[in-house]
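> Given the coordinates of chain A, assemble chain B onto it according to the supplied hints.
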Amino acid sequence: MLKAIHEKKTPQLAIGFFVGIVFGFLLQKGGVTKYDVIIGQLLLADFTVIKIMLSAVITGMIGVHLLRSLGLAELHPKPGSFGSVVIGGLIFGAGFGILGYCPGTLAGAVGQGSLDALFGGLIGILLGAGLFAEFHPKLDKAILSKGHFGEMTWPQLLNVNPWLIIIPVAIGMIALLFWIEKTGL
Amino acid sequence: MEWLRMTEWSPYAVGIGIGLLSCVTFLLSDKPIGCSTAFSRTSGMLETLLRGGKVAEKAYYKKFAPAIDWEWMLVLGIFIGAFISAMLSGQFQSVWVPMKWAEAFGNTPVLRWVVALIGGIILGIGARWAGGCTSGHGISGTLQLAVSSWIAVLCFFIGGIATAMLIF
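Taken in order, these protein sequences are the chains called A and B.
When you read off a place in the first sequence, starting at 1, and then add 22, the result is the number in this note's numbering.
When you read off a place in the second sequence, starting at 1, and then add 1431, the result is the number in this note's numbering.
Honestly, the hints are just simulated from the structure, not real lab data.
Take these hints with a grain of salt, some might be off.
As the list claims (entries may be wrong) - Chain B stretches covered by chain A per the calculated footprint, using a threshold of three residues with CB under 8 Å from any CB of chain A: (1) 1542-1553; (2) 1575-1581.
What the hints assert, rightly or not - Mimicking SDA-like on lysine to any residue, the simulated pairs with C-alpha atoms at most 20 Å apart in a straight line are: (3) 204/A to 192/A; (4) 1462/B to 88/A; (5) 1531/B to 1546/B; (6) 31/A to 1494/B; (7) 25/A to 35/A; (8) 30/A to 1461/B; (9) 160/A to 1486/B; (10) 25/A to 90/A; (11) 1462/B to 1500/B; (12) 1493/B to 156/A; (13) 1493/B to 153/A; (14) 204/A to 72/A; (15) 1531/B to 69/A; (16) 1493/B to 1479/B; (17) 1531/B to 137/A; (18) 1494/B to 1479/B; (19) 204/A to 193/A; (20) 1462/B to 27/A; (21) 25/A to 36/A; (22) 31/A to 1462/B; (23) 25/A to 1462/B; (24) 1494/B to 165/A; (25) 1485/B to 96/A; (26) 1462/B to 1499/B; (27) 1531/B to 192/A.
For every residue, glycine included, the Cβ atom is placed at its ideal position computed from N, Cα and C.
Same shape as in the complex, but just chain A (with noise of 0.2 Å):
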């Protein structure tokens, strides 16, 4: 039945655009739509974007893999090579910094009536997304394929069962989050 409406275009569309909604509602209430707090949080001075994403994450992840577990979900994890993740992420970290919001919380941003977020950031991202775009195949030879190690997850790496991690991250990831309010950050 699920892998039915998996195959229903027009019903996928209302669905993405439908958990967008909730999603951009969630992450302007949470405070992560303002260049405030998400500067805030890489100086390492208000905690609210690593307390959102670890609670996201801790449930994100038993439910995911509880829907897995029960045959009604499979993952999508992308494939990687540190050619890709780790230069394009420090890329991203610089651009983060600089333009103090990421691609989700900039549509967000904007939504909220940040003209920084519409004029500065949207066109540059679009024009950062073309460039990409225009010299793929070039980074593609050169850089992007560099250490490939294609979809790989932990529990795959190490070869143990899933909840054999999942429930030490988790545990590790909710003592980081009392250990972060008992510090008062």
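Structure of chain B alone, referenced to chain A:
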């Protein structure tokens, strides 16, 4: 329904909500939440308007066709969801220069605009270079325990913290 009008929710309530939303997308759409390919597709669509059908011939756009898809609708939804949230709490406001920026670098919109544009270009390149952003790698990838995403998100924050510390 007073809670819908609140200006701020607990970050933990927001995080748990996003985690549950991720479960919904895996269940109903067989897809993780992500944002950055929508920007690539939009860029391709705009370039097609300017330069015609040959844009779609680029190798990258064969992989990510310049057309509206699930993730594109999701990003449009984010914009609308944030707008609804800000309107309900009375926080919607046109702002050129964010407060923290103004305190450090003054109120001139032009300076903030130029820096945001440069930051956006770098972010746009980096997101596609790394194959995902704070949503696709940072939340969806880490929750699937994907090795690529754990490395990516670590690099996002190393780069982001270093850059922010340099600027401020």
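> The structure should be examined with respect to each hint, and the outcome stated for every one.
Evaluated hints:
| no. | hint | verdict |
| --- | --- | --- |
| 1 | 1542-1553 | holds (count 11) |
| 2 | 1575-1581 | holds (count 7) |
| 3 | 204/A to 192/A | holds (18 Å) |
| 4 | 1462/B to 88/A | holds (16 Å) |
| 5 | 1531/B to 1546/B | holds (14 Å) |
| 6 | 31/A to 1494/B | holds (18 Å) |
| 7 | 25/A to 35/A | holds (15 Å) |
| 8 | 30/A to 1461/B | holds (12 Å) |
| 9 | 160/A to 1486/B | holds (17 Å) |
| 10 | 25/A to 90/A | holds (14 Å) |
| 11 | 1462/B to 1500/B | holds (12 Å) |
| 12 | 1493/B to 156/A | holds (12 Å) |
| 13 | 1493/B to 153/A | holds (16 Å) |
| 14 | 204/A to 72/A | holds (15 Å) |
| 15 | 1531/B to 69/A | holds (16 Å) |
| 16 | 1493/B to 1479/B | holds (13 Å) |
| 17 | 1531/B to 137/A | holds (15 Å) |
| 18 | 1494/B to 1479/B | holds (16 Å) |
| 19 | 204/A to 193/A | holds (16 Å) |
| 20 | 1462/B to 27/A | holds (12 Å) |
| 21 | 25/A to 36/A | holds (16 Å) |
| 22 | 31/A to 1462/B | holds (13 Å) |
| 23 | 25/A to 1462/B | holds (12 Å) |
| 24 | 1494/B to 165/A | holds (18 Å) |
| 25 | 1485/B to 96/A | violated (36 Å) |
| 26 | 1462/B to 1499/B | holds (16 Å) |
| 27 | 1531/B to 192/A | violated (33 Å) |
The earlier numbered hints that this structure contradicts are 25 and 27.
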